[in-house]
Amino acid sequence: MGDSQYSFSLTTFSPSGKLVQIEHALTAVGSGQTSLGIKASNGVVIATEKKLPSILVDEASVQKIQSLTPNMGVVYSGMGPDFRVLVRKSRKQAEQYHMLYKEQIPVTQLVRETAAVMQEFTQSGGVRPFGVSLLVAGYDDKGPQLYQVDPSGSYFSWKASAMGKNVSNAKTFLEKRYTDDVELEDAIHTAILTLKEGFEGQISGKNIEIATIGPKRIFKVLTPAEIDDYLAEVE
Amino acid sequence: MSIFEYNGSALVAMVGKNCFAIASDRRLGVQLQTIATDFQRISKVHDRLFIGLSGLATDAQTLHQRLMFRHKLYQLREERDMKPETFASLVSALLYEKRFGPYFCQPVIAGLSDDDKPFICTTDSIGAKELAKDFVVAGTAGDSLYGACEAMFKPDMEPEELFETLSQALLASVDRDCLSGWGGHIYIVTPTEVKECTLKGRMD
Numbered sequence: 644m645g646d647s648q649y650s651f652s653l654t655t656f657s658p659s660g661k662l663v664q665i666e667h668a669l670t671a672v673g674s675g676q677t678s679l680g681i682k683a684s685n686g687v688v689i690a691t692e693k694k695l696p697s698i699l700v701d702e703a704s705v706q707k708i709q710s711l712t713p714n715m716g717v718v719y720s721g722m723g724p725d726f727r728v729l730v731r732k733s734r735k736q737a738e739q740y741h742m743l744y745k746e747q748i749p750v751t752q753l754v755r756e757t758a759a760v761m762q763e764f765t766q767s768g769g770v771r772p773f774g775v776s777l778l779v780a781g782y783d784d785k786g787p788q789l790y791q792v793d794p795s796g797s798y799f800s801w802k803a804s805a806m807g808k809n810v811s812n813a814k815t816f817l818e819k820r821y822t823d824d825v826e827l828e829d830a831i832h833t834a835i836l837t838l839k840e841g842f843e844g845q846i847s848g849k850n851i852e853i854a855t856i857g858p859k860r861i862f863k864v865l866t867p868a869e870i871d872d873y874l875a876e877v878e
Numbered sequence: 019m020s021i022f023e024y025n026g027s028a029l030v031a032m033v034g035k036n037c038f039a040i041a042s043d044r045r046l047g048v049q050l051q052t053i054a055t056d057f058q059r060i061s062k063v064h065d066r067l068f069i070g071l072s073g074l075a076t077d078a079q080t081l082h083q084r085l086m087f088r089h090k091l092y093q094l095r096e097e098r099d100m101k102p103e104t105f106a107s108l109v110s111a112l113l114y115e116k117r118f119g120p121y122f123c124q125p126v127i128a129g130l131s132d133d134d135k136p137f138i139c140t141t142d143s144i145g146a147k148e149l150a151k152d153f154v155v156a157g158t159a160g161d162s163l164y165g166a167c168e169a170m171f172k173p174d175m176e177p178e179e180l181f182e183t184l185s186q187a188l189l190a191s192v193d194r195d196c197l198s199g200w201g202g203h204i205y206i207v208t209p210t211e212v213k214e215c216t217l218k219g220r221m222d
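Each protein sequence line maps, in turn, to chains G and Y. In short: position in the first sequence from 1, add 643, done, that's our numbering. In short: position in the second sequence from 1, add 18, done, that's our numbering.
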């Protein structure tokens, strides 16, 4: 279409109106490991595959799900190092808000600021977009919330969403099983089943990561033992 | 002569039962000369939050503009009003930004929290917050106000009684201070309404 002639510079529009670098970034996300999130009536659950390149890797040292504030956490699909940079920036923004207002930052505000950072990298010189899409889970005065943030800087609020390799199957599965009044425990089971759908190999507490926020508004990453318990319940 | 005493001011806020009142004098002077007798020291941030600024009038005006600016942006971004505690933290941060070249103001912040509980606080000119459960005072008449409020305050006053008590405390105190007076402005705020009154005292 002539798009390829415009794929050299991030800050140049192609004739079809796209920024080709962002399309490529979304492709990088789409080939990343599957991650998903489900918003329940009394909390949010996020989960991801944790496929390590070799059995010699110490899986406890790999943390794909990170907390941003005591009541918010985030998971990603795409490039791990880019994710770490965003987590660092978001944590700093959350703390700056707290230092100024002595109040926890609302979920929408932090998502907006993180998305603004991602957008900056699509309009500056000499940088490339982030190769990650984020799923941000939080619980504040407006209730449980789940947001997806893309490399372009757009963000959407979801009741349930998936990203990465198996996205279309996962989303279809979630669409079938999601109900508006699902409770957190059921949502965790649904999340596990969705991950299992596209999982190659034997699923266990060591090769997936799950985190939840309940009505007590505390973000908690489950331990491998807790995940194994849920896996046993799902069997 | 202290820069805080250049314009003259008296500010006080007092807590009642599910309500609060904030009052100020009306004099604006340039040292010994009275320039205006209708000067507004207290302004509304939103229906449940008021701030009064004592001290140097020019700094009070600029600080007021900056605070309104920040609050309006906050309202647009967060689609809600600021809580009084949050606003107090913001005032404290703004004042400390100018730690080594401060605003010569002493703000008094008074508001109703989410659960309709009254919240009052004052800070010094560089942002040290002072929360109180009964009353806070500021301005050149501050010392007199402390005495008058301490004597007249009772916990859990209804709005009408709070109005009487605060008016008496204010008028008595500004009479002992040559740089403040010329009447008073008082706002009584309950969860349902805001009443604004002008007090007539000794016009000197």
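A few of these clues could be false.
Stated by the list, open to error - Straight-line distance between alpha carbons at most 16 Å, and here's what the computed EDC-like set of lysine to aspartate or glutamate pairs gives:
(1) G:785 x Y:132
(2) Y:116 x Y:97
(3) Y:135 x Y:174
(4) G:693 x G:840
(5) G:849 x G:701
(6) G:745 x Y:179
(7) Y:213 x Y:193
(8) Y:151 x Y:97
(9) G:732 x G:701
(10) Y:35 x Y:193
(11) Y:101 x Y:132
(12) G:859 x G:840
(13) G:785 x Y:99
(14) Y:172 x Y:161
(15) G:745 x Y:148
(16) Y:35 x Y:176
(17) G:785 x G:818
(18) Y:35 x Y:142
(19) G:785 x Y:97
(20) Y:101 x G:746
(21) G:785 x Y:96
(22) G:849 x G:869
(23) Y:101 x G:784
(24) G:802 x G:826
Honestly, the hints are just simulated from the structure, not real lab data.
Quick rundown of the hints versus the structure:
{"no.": "1", "hint": "G:785 x Y:132", "in the structure": "holds, 14 Å"}
{"no.": "2", "hint": "Y:116 x Y:97", "in the structure": "violated, 29 Å"}
{"no.": "3", "hint": "Y:135 x Y:174", "in the structure": "holds, 11 Å"}
{"no.": "4", "hint": "G:693 x G:840", "in the structure": "holds, 15 Å"}
{"no.": "5", "hint": "G:849 x G:701", "in the structure": "holds, 10 Å"}
{"no.": "6", "hint": "G:745 x Y:179", "in the structure": "violated, 34 Å"}
{"no.": "7", "hint": "Y:213 x Y:193", "in the structure": "violated, 24 Å"}
{"no.": "8", "hint": "Y:151 x Y:97", "in the structure": "violated, 29 Å"}
{"no.": "9", "hint": "G:732 x G:701", "in the structure": "violated, 26 Å"}
{"no.": "10", "hint": "Y:35 x Y:193", "in the structure": "violated, 28 Å"}
{"no.": "11", "hint": "Y:101 x Y:132", "in the structure": "holds, 7 Å"}
{"no.": "12", "hint": "G:859 x G:840", "in the structure": "violated, 31 Å"}
{"no.": "13", "hint": "G:785 x Y:99", "in the structure": "holds, 14 Å"}
{"no.": "14", "hint": "Y:172 x Y:161", "in the structure": "violated, 19 Å"}
{"no.": "15", "hint": "G:745 x Y:148", "in the structure": "holds, 15 Å"}
{"no.": "16", "hint": "Y:35 x Y:176", "in the structure": "holds, 6 Å"}
{"no.": "17", "hint": "G:785 x G:818", "in the structure": "violated, 24 Å"}
{"no.": "18", "hint": "Y:35 x Y:142", "in the structure": "violated, 27 Å"}
{"no.": "19", "hint": "G:785 x Y:97", "in the structure": "holds, 12 Å"}
{"no.": "20", "hint": "Y:101 x G:746", "in the structure": "holds, 10 Å"}
{"no.": "21", "hint": "G:785 x Y:96", "in the structure": "holds, 12 Å"}
{"no.": "22", "hint": "G:849 x G:869", "in the structure": "holds, 11 Å"}
{"no.": "23", "hint": "Y:101 x G:784", "in the structure": "holds, 13 Å"}
{"no.": "24", "hint": "G:802 x G:826", "in the structure": "holds, 12 Å"}
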